[in-house]
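K.L.:
Working from the sequences, and respecting the hints, build out all of it.
Chains A and B, in that order, give the protein sequences.
Per my numbering: the first sequence = residues 260 to 458.
Per my numbering: the second sequence = residues 260 to 458.
None of these hints come from the bench; they were simulated from the model.
Quantities reported herein were computed from a predicted structural model and do not represent experimental measurements.
Treat the hints loosely; a few may be bogus.
One copy or two, either will do: identical chains are not told apart, so a pair holds if it fits within one copy or between any two.
Under the rule of at most 16 Å between Cα atoms (straight-line distance), these lysine to aspartate or glutamate pairs were calculated in the EDC-like manner [unchecked claim]:
| id | residue 1 | residue 2 |
| --- | --- | --- |
| 1 | 309 | 267 |
| 2 | 281 | 348 |
| 3 | 309 | 294 |
| 4 | 347 | 437 |
| 5 | 311 | 325 |
| 6 | 347 | 442 |
| 7 | 347 | 439 |
| 8 | 309 | 297 |
| 9 | 347 | 443 |
| 10 | 311 | 294 |
| 11 | 281 | 345 |
| 12 | 281 | 267 |
This is what each chain is made of:
There are 2 protein chains.
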Amino acid sequence: MYEGVVQDLIDELGRLPGVGPKSAQRIAFHILQAEPTDVRRLAHALMEVKAKVRFCATCGNVAQEELCNICRDPRRDPAVICVVEEPKDVVAIERTREFRGRYHVLGGAISPIDGVGPDDLRIRELLARLADGAVTELILATDPNLEGEATATYLARMIKPMGLKVTRLASGLPVGGDLEYADEVTLGRAFEGRRLLDV
Amino acid sequence: MYEGVVQDLIDELGRLPGVGPKSAQRIAFHILQAEPTDVRRLAHALMEVKAKVRFCATCGNVAQEELCNICRDPRRDPAVICVVEEPKDVVAIERTREFRGRYHVLGGAISPIDGVGPDDLRIRELLARLADGAVTELILATDPNLEGEATATYLARMIKPMGLKVTRLASGLPVGGDLEYADEVTLGRAFEGRRLLDV
Chain A
260 MYEGVVQDLI DELGRLPGVG PKSAQRIAFH ILQAEPTDVR RLAHALMEVK AKVRFCATCG
320 NVAQEELCNI CRDPRRDPAV ICVVEEPKDV VAIERTREFR GRYHVLGGAI SPIDGVGPDD
380 LRIRELLARL ADGAVTELIL ATDPNLEGEA TATYLARMIK PMGLKVTRLA SGLPVGGDLE
440 YADEVTLGRA FEGRRLLDV
Chain B
260 MYEGVVQDLI DELGRLPGVG PKSAQRIAFH ILQAEPTDVR RLAHALMEVK AKVRFCATCG
320 NVAQEELCNI CRDPRRDPAV ICVVEEPKDV VAIERTREFR GRYHVLGGAI SPIDGVGPDD
380 LRIRELLARL ADGAVTELIL ATDPNLEGEA TATYLARMIK PMGLKVTRLA SGLPVGGDLE
440 YADEVTLGRA FEGRRLLDV
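P.N.:
Spelled out as structure tokens, the structure:
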């Protein structure tokens with residue numbers, strides 16, 4: 260439709276999540292008219308992320324060194340681990356300033372429909388962190404939807420026999436929603452009101 | 260909030276039109292998990308557009324050579340010029356396959372509020388194309404809004420004395436739409452422009 264490289268850019272942009280054909284076209288024309296230095300900065304930021312960002316060897320959060328900022332921070336309580344699905348959930352929880360422990364990022368949730376089973380998540384790595392007995396509480400902060408609940412139940416059944424306090428974020432989170440979209444107050448309340456899981 | 264380069268990417272993405280903070284974050288995490296070759300292709304497409312795309316010396320449409328595909332095509336009728344505001348309007352009209360003439364892209368519309376006057380548009384270039392008398396019809400296809408109408412009126416007043424046929428795309432009800440959802444102005448135009456049915 261468009262001349263070669265413009266259509267290439269529209270195609271590439273259209274592959275991004277939430278960017279439909281109309282948005283891709285609008286962004287491409289914005290790029291066409293933008294300052295070359297601005298476009299270079301965007302292209303550079305894309306490449307930098309791929310070149311420099313890796314995942315924390317301990318918790319699986321995004322990191323620029325072997326360990327992420329939180330795992331490297333000696334002020335964070337190593338006795339409490341908050342288990343989340345994705346790195347963006349870490350950011351959402353950090354924003355509340357309610358939690359001073361460490362995290363564990365699973366990399367998703369159990370979802371038979373999407374072919375994601377327990378072995379596809381960072382559960383082995385979580386168990387390894389619990390092996391030395393230093394962790395006393397595990398907060399299950401997976402999304403309050405079907406997959407997140409299933410994952411929390413799976414983890415609770417596996418980990419409670421180890422004698423840890425296993426809690427789940429409970430009150431305040433709208434059922435069926437995504438954790439990352441919760442506002443800070445709601446998410447903060449959910450931390451305060453976390454409850455013991457009976458499984 | 261995020262580690263350096265991730266936040267940099269979110270910031271850069273957030274500057275794109277129609278990309279809010281939540282979308283920027285979602286795209287950034289998509290990039291984090293995407294294949295490096297896919298990200299490289301996107302970054303490359305961005306740089307290629309800035310390096311290779313210019314504007315057609317004749318019509319102002321996007322082009323990869325001195326002239327765009329349409330101005331270079333000998334099968335396009337040089338006697339009819341369709342005047343549009345932006346290159347994306349060319350694409351929209353091409354999609355209809357109704358028009359076999361050439362285009363002229365103004366680069367916007369007259370808008371005193373935005374400080375855009377006739378001198379900021381490619382009107383001088385349009386007049387130059389009309390100078391040799393080869394063009395017999397000018398179709399004004401600027402947007403059917405305040406600025407587009409003002410621009411069409413301005414051009415029509417300037418060009419009609421030159422003896423050309425100057426036309427404007429019909430306003431009326433969108434095909435496939437519901438009459439009850441049409442706004443009053445559109446419905447009024449549809450009445451004004453009503454035509455005899457030959458059945």
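K.L.:
Reference check for the pair residue 347 and residue 443, CA-CA at most 16 Å: within, between, both, or neither?
P.N.:
The answer is within: 14 Å in one copy meets 16 Å, while 41 Å across copies does not.
K.L.:
Between residue 309 and residue 297, at a C-alpha cutoff of 16 Å, which is it: within one copy, between copies, both, or neither?
P.N.:
between (19 Å within a copy, 10 Å between copies)
K.L.:
How do residue 311 and residue 325 come out at 16 Å by Cα distance, when the copy is not named: within, between, both, or neither?
P.N.:
Close inside one copy (11 Å), not across copies (40 Å); limit 16 Å.
K.L.:
For residue 281 and residue 348, with the copy left unspecified, which applies at a CA distance of at most 16 Å: within, between, both, or neither?
P.N.:
Between copies only: 13 Å across, 30 Å inside.
K.L.:
How do residue 281 and residue 267 come out at 16 Å by Cα distance, when the copy is not named: within, between, both, or neither?
P.N.:
within (14 Å within a copy, 25 Å between copies)
K.L.:
As a check of your reading, is residue 347 near residue 437 (CA-CA no more than 16 Å) within one copy, between copies, both or neither?
P.N.:
Answer is within; shortest intra-copy Cα gap is 11 Å, inter-copy 36 Å.
K.L.:
Is it within, between, both, or neither for residue 347 and residue 439, if the alpha carbons may be no more than 16 Å apart?
P.N.:
Cα proximity of residue 347 and residue 439: one copy only (7 Å, versus 36 Å across).
K.L.:
My question is about residue 281 and residue 345: at a cut-off of 16 Å on alpha-carbon distance, are they close within one copy, between copies, both, or neither?
P.N.:
between (29 Å within a copy, 15 Å between copies)
K.L.:
Should residue 311 paired with residue 294 be assigned to within, between, both, or neither, using CA atoms and 16 Å as the limit?
P.N.:
Result: close only across copies, 14 Å inter versus 26 Å intra.
K.L.:
With identical chains treated as interchangeable, where does the CA-CA distance between residue 309 and residue 267 reach 16 Å or less: within a copy, between copies, both, or neither?
P.N.:
between (21 Å within a copy, 12 Å between copies)
K.L.:
Given a CA cutoff of 16 Å, do residue 347 and residue 442 count as a within-copy pair, a between-copy pair, both, or neither?
P.N.:
within (14 Å within a copy, 38 Å between copies)
K.L.:
For residue 309 vs residue 294, is the C-alpha pair at or below 16 Å within one copy, between two copies, both, or neither?
P.N.:
between (24 Å within a copy, 9 Å between copies)
Violated hints are absent here; each numbered hint is respected by the structure.
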